[in-house]
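Undergrad: Dock chain R against the given chain U, drawing on the hints supplied.
Number of protein chains: 2
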Amino acid sequence: MAQIKPRTLSGFMELLPARQVQFDRMVEILRKSYSLYGFTPLDTPAIEAAEVLLAKGGGETEKQIYRFTKGDTDLALRFDLTVPLAKYVALHQNELAFPFRRFQISKVYRGERAQKGRYREFYQADIDVIGDGSLDITNEAEIPSIIYKTFTALGLRRFKIRVNNRKVLNGLFAILGLEKQAGDVMRTIDKLEKIGPEKVRAILTDDFAVPGEAADALLALLAAGDPMAALEPFKGKNELFDLGVAELETVVRYMSAFGVPEDHFMVDLTIARGLDYYTGTVYETVMLDHPEVGSICSGGRYDNLSEYYTDKKLPGVGISIGLTRLFSVLEAQGYLNDALVTAPADVLILPMTEELSPAISFATALRDAGVRAQLHCEKKKFKQKLSYADKLSIPYAAFLGEDEIQQNKVTVKDLTTGQQQTVTAGEAVALVQAGLAARAGGTPIQEPEA
Amino acid sequence: MAQIKPRTLSGFMELLPARQVQFDRMVEILRKSYSLYGFTPLDTPAIEAAEVLLAKGGGETEKQIYRFTKGDTDLALRFDLTVPLAKYVALHQNELAFPFRRFQISKVYRGERAQKGRYREFYQADIDVIGDGSLDITNEAEIPSIIYKTFTALGLRRFKIRVNNRKVLNGLFAILGLEKQAGDVMRTIDKLEKIGPEKVRAILTDDFAVPGEAADALLALLAAGDPMAALEPFKGKNELFDLGVAELETVVRYMSAFGVPEDHFMVDLTIARGLDYYTGTVYETVMLDHPEVGSICSGGRYDNLSEYYTDKKLPGVGISIGLTRLFSVLEAQGYLNDALVTAPADVLILPMTEELSPAISFATALRDAGVRAQLHCEKKKFKQKLSYADKLSIPYAAFLGEDEIQQNKVTVKDLTTGQQQTVTAGEAVALVQAGLAARAGGTPIQEPEA
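Protein sequences, first through last, are from chains U and R.
In my numbering, each residue carries its 1-based index in the first sequence increased by 26.
In my numbering, each residue carries its 1-based index in the second sequence increased by 26.
Excised from the complex, chain U in its bound form (with noise of 0.2 Å):
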């Protein structure tokens, strides 16, 4: 028969099973920590008419964006979990209690050219509050504790929260007479991190004509020890830059409340996210020992959510990590901690005689039980199934041969330690569930020593 070569697409992540079952651990823990703070999941269609995905239009988007026909309609793969909200929160808007909190953990794709750490189909982990008419500012507050309580519920222990917000930026722009150049500026600041206080200097002066007055005044407060005290000097002078410091302020005063320790948190000027969609607070995530990964959780607050398809204003915060990325990072890194079962089951179950009613019986106590059973009844030689259970990491074996048969036993061995007991049913069912009970724990992330 004529054959195709297998193969998947570049771009495109496949694990392997072990990998599969750390990536869906840490899906799963996503879920119960959104789920923790009252967000609701959906699950919007991959497939969206192109007009409505498209409606804002413009840019990467138009470009990246997989489209196509299908009989007469024009498609569209979606590109990210945000628009899907906006249209469906316009759609369902009167069947919808607001405010709306809802998750999403789906793939989205963008037909990027392939890079190494560049995904074309990849999962985003979206939260978004969204408001009805106005949204209050405790729930810029609360994102913070979520950011921290999701990292640290996954094991990651180095990392700090960056928040900023765009009313203080574009406040202080005003102030300092920068409205006209406000976008250049948050771009070329963006970059101080990179670049350095000096060459951001020259670029704000040289490139856009900002004041060397102004420039240093800029400079000076991005680099403040204390940002907070620095804004202190500028309050007074601009209605906007005042309630931007007032909203930064309610966000800071609340962390210890939220349970973010204060080593986990940072006020950062120099954050801005973009530059027409935020309009509050906005914050970004950084791995401590990976700055070069960049943010890892980012967002901020907005006002119009579905501006493109209803009237009704629809303020909202939001947050979303990029799952597929961040698990290629914690991979390459060594920090997915292998020790947790990644074997499809807990019990390889080896039945040694012709009739396999004593061990398919058992096979059904321990599932009955909720531990996690595989009969292997393959002809294949002895050794060979229990290198299966080894090159599956299976914790478990348990040997029916005549005599246990005839004893009405089972014989258990604990594959780690290759220590064996010839019990009962229903003791090895109990011997096997403390025995991974002792094993569980731990957390999908582990950082290395320092």
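No wet-lab data here; the hints were simulated from the structure.
Be aware that a few hints might be false.
Only pairs whose alpha carbons sit at most 30 Å apart, straight line, appear in this in silico DSSO-like list of lysine-lysine [unchecked claim]: (1) K175/R / K58/R; (2) K31/U / K339/R; (3) K338/U / K407/R.
These numbers were taken from a predicted model, which means no experiment stands behind them.
TA: Chain R in isolation, oriented as in the chain U frame:
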């Protein structure tokens, strides 16, 4: 601003929040149930190279597939989970341990004409066991128990698993001299339930030149109250038939050890499941009160999963649940258990003072204890906030007014009973936990009382 009408494509299921929770709960149970049998999760890309997906080619698949180009690449969306599995196993054969047991619960895409109950994007929930050259009959015997335990865990009771064996059918056709017409005969007897034995006999003899005697023998066999006994007289005449009967006997023999009650299982010699793929045991599952729905879980044994990609012989057995369609049937029939919590949060916290720290700390305490909590700090009237909780069916509200804060307490109200108590935060957490535990239990599917 020019606006686009928000819409979701027809044939694409998009659920409201409470329904989505019910759907997700079913997925969660499927994952758990499949895991108990030692299946490992996979998640292959939704997009594959078109030549890979269409390696087998032909027929409805080519017409229905979503196919498009991006750059120079000819791409397509998967239309099932079997072809991606065949690719995966062929591609990763040296990294996998066989038998390879995987489950995948993912969306697939078929551009069919949209009609009631037909979806263009829908979830399949598949399990397969793939052997390396050979695969023991025990695997085929185990499948009905997985079907039984899975639907029982979902809460479905009134269903029956029907089993047949393709070797029996093909052997029988050989014995009756109907090898030439085997395909036509199979398609015709498949209609037995719908059109009755007389019409089937007429079609067999008139349209497909089946001798009257052979038709009578066949129909008598298919009508037999005890199919296994009815097969006896044909034994010893054809090797394939004898092998098939032996396999079927093995499958039946182990049912009780696998925990499948007799009334949930039957041998049905009319089941064929298509013409050219399955080679051994085949399965269908029907809802007793809704036979019109057809099979809700089907599959069978095949000999060569990846023949279009590799010379390696990979026999397997698998089943699939069309989850999106099943969910829509359950919804339409009123089978979804609306008594289970679908609210996004267990407790809605209503702070009644300017200073929010006590309310936030209480939210943090609840979440730390695993209770889903939402702060409602919007500037809305108290009554509006309670009606929000009501609309979302949130079980508890918690009030923190000045009195409560001064006493270091919180007032918790059970929104179902209307009872409220003012207690410490710790007591409140315990009280809510106990209440939630009492409400827990119950399955996502609840059949109406007979």
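Undergrad: If a hint holds in the structure, say so; if it doesn't, say that too.
TA: Right, here's what the structure says about each hint:
As the CA atoms of K175/R and K58/R are separated by approximately 11 Å, the hinted pair is consistent with the 30 Å bound. This hinted pair checks out: K31/U and K339/R have alpha carbons roughly 16 Å apart, not beyond 30 Å. For the suggested pair K338/U and K407/R, the alpha carbons sit about 21 Å apart, so the restraint of at most 30 Å is met.
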